[in-house]
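Add chain B to chain A, keeping to what the hints say.
One line per chain: the protein sequences are A and B, in this order. By our numbering, the letter at position 8 of the first sequence is numbered 1236, and the numbering carries on one by one without gaps. By our numbering, the letter at position 37 of the second sequence is numbered 81, and the numbering carries on one by one without gaps.
Don't read these hints as lab results, they were simulated from the structure. Only true hints are included.
Each computed DSS-like pair below joins lysine-lysine, with the alpha-carbon atoms no more than 30 angstroms apart:
hint	chain 1	residue 1	chain 2	residue 2
1	B	K269	A	K1459
2	A	K1412	A	K1459
3	A	K1467	B	K58
Here are the simulated distance ranges between beta carbons:
hint	chain 1	residue 1	chain 2	residue 2	range
4	A	P1307	B	K191	56 to 62 angstroms
5	B	R48	A	S1353	51 to 57 angstroms
6	B	M256	A	I1408	37 to 43 angstroms
7	A	N1240	B	K269	41 to 47 angstroms
8	B	E105	A	E1415	30 to 36 angstroms
9	B	E198	A	D1406	54 to 60 angstroms
Residues of chain A clear of chain B, computed beta-carbon distances all greater than 12 angstroms:
hint	residue
10	K1237
11	D1251
12	G1255
13	F1296
14	D1306
15	Q1319
16	F1324
17	P1336
18	K1337
19	K1344
20	E1352
21	S1353
22	D1399
23	K1422
24	D1441
None of these values were measured; they are calculated from a predicted model. Even glycine gets a Cβ: it sits at the ideal position worked out from N, Cα and C.
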Amino acid sequence: MENIIFEIKKLNFYYGSNHILKDVECGIQKNKVTAIVGPSGCGKTTFLRTLNRMSDLAPTANYTGKIFLDGENILDQDPIKVREKVGMVFQQPNPFPKSIRNNLTYGPKLHGEKNKKVLDEIVESSLKQAALWDEVKDNLKKSGMALSGGQQQRLCIARALSVKPEVLLLDEPTSALDPIATSKIEELVEELSKNYTIIIVTHNLQQALRISDYMMFFYLGELVEFDRTEKMATKPSDKRTNDYLRGIFS
Amino acid sequence: MRQRHLEEDFEHIKTYLSEMMEDVRKQILDSINALEHINYEKAVKIIKDDDLIDDFQRKIENETFAYIGRYNPLAEDLRYVIMVIKIATDLERIADLAVNISKVVKKHKGEQLPKPLVHIKKMSGYVIKMLDDVLNAYYETDLSVTKKICYDDEEIDKIYKFIKEEISVKIIECDDISEVKFFIDLLLVARFLERVGDHIVNIAEELYYMEMGENLHEVIEIEKKLSKE
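Here chain A stands alone, though its shape is the one from the complex (with noise of 0.2 angstroms):
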């Protein structure tokens, strides 16, 4: 059998009266690289926001169905334990205006966590996993806000993996980004896909090719496709993949 973290059964989800979600039935990997692509308003972040309860932060926000993480259904859980076990990283870098330091030290303290050398402890592996402890090391106690757009989105990552994560779900990381800070990043998530299962979110279909093992189309809320990036890349079962990986609508 394969190495499923989450299990999706008959996801429905509304905002309102709007079906956003539509019978979303999936197995998402463990410790491999999952890409969600598709057009604006397919539902894919919405999709993503989901796997760690974000998406219930809107008052109308609804569910139906089921999401297994690890084999328990996270709709039923706490959503800050769900948290935990599941970090994101957003659009836009989104340090908290405090130190570098302290934007890693927050989430583990608000875990309860308040010895200072498992604090520096975790500071140091957060930052050399997010690939950034030999550009800050020296500087810690520097404002996140004052690094670069970059440095501030793996700083994000190292803040995310403070709590020690199963998965990352990182929405369109690198969309502000230069493409020298982009390909950093990219090359970070194929080093953290040894330890964690990360799920992304991206409008760069070449980005999901380059990082993925396993795509995953969304069409109108609906999960059109779901397989491994290669076959998805040469030879996509449905007409509707084959037609947005064209370029015929986007």
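Frame of chain A; chain B shown alone:
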């Protein structure tokens, strides 16, 4: 609807490929004709016209590389552009084989064929038919003929085997050294046609992959296996 310039670039590649296919078909047909009548002038022209085929291949490669670089094609488009490059390579090789046949004609200028070309004509008949089928498969996206092409190639291989044996006997029986040399060259011609058949099969497989994303050779093997069961 896709961007207009993307469609236009795609059409350029398609046009070059169909023109190249037509020209290569003519080169093969003319080379057999030149051999049949030991037509020196025709042979020289075929050798000269090979440069045009090489130009086509270069144009197709350049256009396709530019297309890949510009549009990063995916799915059906990705299969199409990669297969176009492969098809153009196979066509160029077929044209080279037409040149090889023409060089045999050039070499034997003013001589008579040692025997009428019965089996070589039969082989070339298959080759031309297969080329027509491949053209039809490309224009009409009629994939049913691609399997037929693979079976026709098996017929070509059988005729080639027969010609090898027939010419071996002729060589043993023949006292005239110049006739022996001609027989050896005819054996080479048969070998060239057999290679043309192989390249046409490649093109059929490439067209099949282009449309279906599947390996035709594997599809045929599965069908053969199923029919035996």
